[in-house]
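Asks: Chains as they are written, first to last, in our numbering: chain A, 227 to 612; chain B, 227 to 612.
Incorrect hints may have been included.
You can't tell identical chains apart in this list, so a pair holds if it fits in one copy or across any two.
[As the list claims (entries may be wrong)] Quick list of in silico lysine to aspartate or glutamate cross-link-like pairs, EDC-like style, CA-CA up to 20 angstroms:
hint, residue 1, residue 2
1, Lys284, Asp482
2, Lys521, Asp546
3, Lys599, Glu477
4, Lys407, Glu349
5, Lys407, Glu548
6, Lys284, Asp596
7, Lys344, Asp547
8, Lys347, Glu450
Honestly, the hints are just simulated from the structure, not real lab data.
2 protein chains.
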Amino acid sequence: NMSVDCLSSTTLVRLPGLIDCHIHLREPGDEHKEDITSGTASALAGGITMICAMPNTKPPLTNERSLNLTERLYQKKALCDYGLYMGATADNALEASSLASRCVGLKMYLNVTYGDLKLDKMESWMKHFENWPHDIPIVAHAEGQTTASIICLAELFNRSVHICHVARRDEILLIRAAKLKGVRVTCEVTPHHLFLHQNNTQYILDYYGNSNGFREVKPNLQTESDCQALWENLDIIDCIATDHAPHTKTEKSLSDTAPPGFPGIQTSLPLMLTAVNNGKLTMQQLVDKMYTNPKRIFNLPDQDDTYVEVDMNHKWTIMDDETLLSKAQWTPFIGMPMRGAVHRVVLRGEVVYVDGKVLAENGFGKNIVDLRKNSKLLPSLSIEQT
Amino acid sequence: NMSVDCLSSTTLVRLPGLIDCHIHLREPGDEHKEDITSGTASALAGGITMICAMPNTKPPLTNERSLNLTERLYQKKALCDYGLYMGATADNALEASSLASRCVGLKMYLNVTYGDLKLDKMESWMKHFENWPHDIPIVAHAEGQTTASIICLAELFNRSVHICHVARRDEILLIRAAKLKGVRVTCEVTPHHLFLHQNNTQYILDYYGNSNGFREVKPNLQTESDCQALWENLDIIDCIATDHAPHTKTEKSLSDTAPPGFPGIQTSLPLMLTAVNNGKLTMQQLVDKMYTNPKRIFNLPDQDDTYVEVDMNHKWTIMDDETLLSKAQWTPFIGMPMRGAVHRVVLRGEVVYVDGKVLAENGFGKNIVDLRKNSKLLPSLSIEQT
Ligand SMILES: [Zn+2]
Ligand SMILES: [Zn+2]
Ligand SMILES: [Zn+2]
Ligand SMILES: [Zn+2]
Ligand SMILES: [Zn+2]
Ligand SMILES: [Zn+2]
Ligand SMILES: [Zn+2]
Ligand SMILES: [Zn+2]
Numbered sequence: 227n228m229s230v231d232c233l234s235s236t237t238l239v240r241l242p243g244l245i246d247c248h249i250h251l252r253e254p255g256d257e258h259k260e261d262i263t264s265g266t267a268s269a270l271a272g273g274i275t276m277i278c279a280m281p282n283t284k285p286p287l288t289n290e291r292s293l294n295l296t297e298r299l300y301q302k303k304a305l306c307d308y309g310l311y312m313g314a315t316a317d318n319a320l321e322a323s324s325l326a327s328r329c330v331g332l333k334m335y336l337n338v339t340y341g342d343l344k345l346d347k348m349e350s351w352m353k354h355f356e357n358w359p360h361d362i363p364i365v366a367h368a369e370g371q372t373t374a375s376i377i378c379l380a381e382l383f384n385r386s387v388h389i390c391h392v393a394r395r396d397e398i399l400l401i402r403a404a405k406l407k408g409v410r411v412t413c414e415v416t417p418h419h420l421f422l423h424q425n426n427t428q429y430i431l432d433y434y435g436n437s438n439g440f441r442e443v444k445p446n447l448q449t450e451s452d453c454q455a456l457w458e459n460l461d462i463i464d465c466i467a468t469d470h471a472p473h474t475k476t477e478k479s480l481s482d483t484a485p486p487g488f489p490g491i492q493t494s495l496p497l498m499l500t501a502v503n504n505g506k507l508t509m510q511q512l513v514d515k516m517y518t519n520p521k522r523i524f525n526l527p528d529q530d531d532t533y534v535e536v537d538m539n540h541k542w543t544i545m546d547d548e549t550l551l552s553k554a555q556w557t558p559f560i561g562m563p564m565r566g567a568v569h570r571v572v573l574r575g576e577v578v579y580v581d582g583k584v585l586a587e588n589g590f591g592k593n594i595v596d597l598r599k600n601s602k603l604l605p606s607l608s609i610e611q612t
Numbered sequence: 227n228m229s230v231d232c233l234s235s236t237t238l239v240r241l242p243g244l245i246d247c248h249i250h251l252r253e254p255g256d257e258h259k260e261d262i263t264s265g266t267a268s269a270l271a272g273g274i275t276m277i278c279a280m281p282n283t284k285p286p287l288t289n290e291r292s293l294n295l296t297e298r299l300y301q302k303k304a305l306c307d308y309g310l311y312m313g314a315t316a317d318n319a320l321e322a323s324s325l326a327s328r329c330v331g332l333k334m335y336l337n338v339t340y341g342d343l344k345l346d347k348m349e350s351w352m353k354h355f356e357n358w359p360h361d362i363p364i365v366a367h368a369e370g371q372t373t374a375s376i377i378c379l380a381e382l383f384n385r386s387v388h389i390c391h392v393a394r395r396d397e398i399l400l401i402r403a404a405k406l407k408g409v410r411v412t413c414e415v416t417p418h419h420l421f422l423h424q425n426n427t428q429y430i431l432d433y434y435g436n437s438n439g440f441r442e443v444k445p446n447l448q449t450e451s452d453c454q455a456l457w458e459n460l461d462i463i464d465c466i467a468t469d470h471a472p473h474t475k476t477e478k479s480l481s482d483t484a485p486p487g488f489p490g491i492q493t494s495l496p497l498m499l500t501a502v503n504n505g506k507l508t509m510q511q512l513v514d515k516m517y518t519n520p521k522r523i524f525n526l527p528d529q530d531d532t533y534v535e536v537d538m539n540h541k542w543t544i545m546d547d548e549t550l551l552s553k554a555q556w557t558p559f560i561g562m563p564m565r566g567a568v569h570r571v572v573l574r575g576e577v578v579y580v581d582g583k584v585l586a587e588n589g590f591g592k593n594i595v596d597l598r599k600n601s602k603l604l605p606s607l608s609i610e611q612t
């Protein structure tokens, strides 16, 4: 059971409030899959106190009107802190850049995935690279050789680029070569691409019924050798980001038309803690990839008095009962034995999660844009508060 | 009629022997489509005295054995001078590089086309970039965003790359941006992508029967706007290269399975002369793109006492009768009115073509590798010969 009773445990470790720089809540538009409340509750239960939300909502966040709408919804509902991505379209380069200061980054979809935001022409890519401010990140869904394409464009326009959800050996080797050459590229990897591949996931179908829809995700699950390459190049991976992309069990059971995506924000930290316990990475690396690096890459503000207490020895099994807070109500990690659990989460001095219970109220989460302003306006106050 | 009687003409112009850095003869393996004799005869009739032949033959030129075989065939048969490309495969990076000094360049197939030489993984691309000598060109079939991918790789490995048959607005704009940034990228465009697009080629089907196979070519014919973009960016185009890719009329009439490719080596210069007469480019630009630039990019040797006499005022119409020397025996430019024709071609002091007749004998053509050696070994002799 995912709720944690830590009375019997002696190995509590305090981590900073963790950051997930790539998640999809489904509000506005598809609140039956996930809404801001359920998604951010899920985040807190997973030890994540700050999220960066992707723009492929309905309507997509691609202009001032949808940004206004989405900002208002998050302000009323979010339980954890958040930044919002602007979505790049073939014709919004100017409007997008005029709104950049209200966003955590620009998302460019360059391969087929969920939603209609794919940019087909490099001419559009170039317009965004020309216009989007250089001090705010551009992140790209750019699989396979598209990884090299977008790195080329970033170089031509003298700017950095962040590669989303690297999944293949070929991609991570290219990014390694680029980093060694001094190219300003950063990247993230999802827990599911680290732990799951085509040949160790039959259990998902066995559990949820035989619809292959439950293994549908973009980028696809790759081979075991791709997984290995990610682990072997851990030093090249800047961030662990979940690409939390919830769809309901009913939707995922439609084999031919199941939308791609896995929920993952609540299970990410437990999976990575288990990996620490299994010697697959160090706690320092975990903190680098789930806090320090995303904070630096996305220029995210401090969260005062914020931390996560994890119990490194708590053994439990991932279940899809009521402890799983996403509206997706399923998980591709079903049945996995964990060692390491989130015990308590404190955000700005308030206990927002403890032992299975989310205590934060709607609207307690802040927009990172406002947090940045406050920390600039009130430097002495924020020092006194700590 | 393609044969030219120039007695009545007064406007003969002497050009250097022209270079086509991208052609496919079909020997060894598919001599019914084109053999070395018919292909090089076609070249001479088109004012081309030096060709660079692609490796997607049967067997493909990807190792020492096939290089030996192909060298022997050309030595016996070629009517004009030639260089041979090595084909890159997923596992021949070491063998290929050991043979580089016998080749004019390395060809990397990165998109679907005729033959089985496609390289799927960037890991293979990287192996070739690591191993192939930096002073011998790498040329890439890299369409659309793959253009950016391969430019990225070239940059990571500190070397140049030549982009084959640029066909799209998106590609030429990217190459423009890269050149402006100082990236060592060069490119070629085919006459068919300059003159033909999806909406001005119904006449081909009307003439050859309604099989769309006669418009099948890789890269595909694009839109009128793509054609325009090529003309607008003429300053960015280094070479005119035909991508001469002959298939028989019978093969092209199989609509669903017609192999992609157009013959073009004999019609390239007339088309470009006509464009000069129509004010679409200058004669200087023609010579740059059909001689000076390919000679420099591929480090091609001088051909002493070699020139092409063209008649700038000769008016004629492209026909597919016996004057068309390719075994393909058809042309996508059928019926096009020309102004400008090849009158006479002299190669190393010998008249090899005059007024419709090829006079060179099998084996008169030399391998550029041998020409390079001779010009290095015998500098005084070759000076005396001129
Ligand atoms: Zn515990
Ligand atoms: Zn507890
Ligand atoms: Zn994505
Ligand atoms: Zn995503
Ligand atoms: Zn004439
Ligand atoms: Zn004549
Ligand atoms: Zn090609
Ligand atoms: Zn070709």
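Asks: All the hints need checking, so say for each whether the structure fits it.
Replies: A quick look at each hint next to the structure:
1. Lys284 / Asp482: neither (23 angstroms within a copy, 40 angstroms between copies)
2. Lys521 / Asp546: Answer is neither; intra-copy 31 angstroms and inter-copy 67 angstroms both fail.
3. Lys599 / Glu477: neither (41 angstroms within a copy, 68 angstroms between copies)
4. Lys407 / Glu349: For Lys407 and Glu349, only the inter-copy Cα distance (16 angstroms) is at most 20 angstroms; the intra-copy one is 26 angstroms.
5. Lys407 / Glu548: neither (48 angstroms within a copy, 56 angstroms between copies)
6. Lys284 / Asp596: Neither: 24 angstroms inside a copy, 66 angstroms across copies.
7. Lys344 / Asp547: neither (35 angstroms within a copy, 48 angstroms between copies)
8. Lys347 / Glu450: between (33 angstroms within a copy, 16 angstroms between copies)
Hint compliance for this structure: hints 1, 2, 3, 5, 6 and 7 are not met, and every other hint is.
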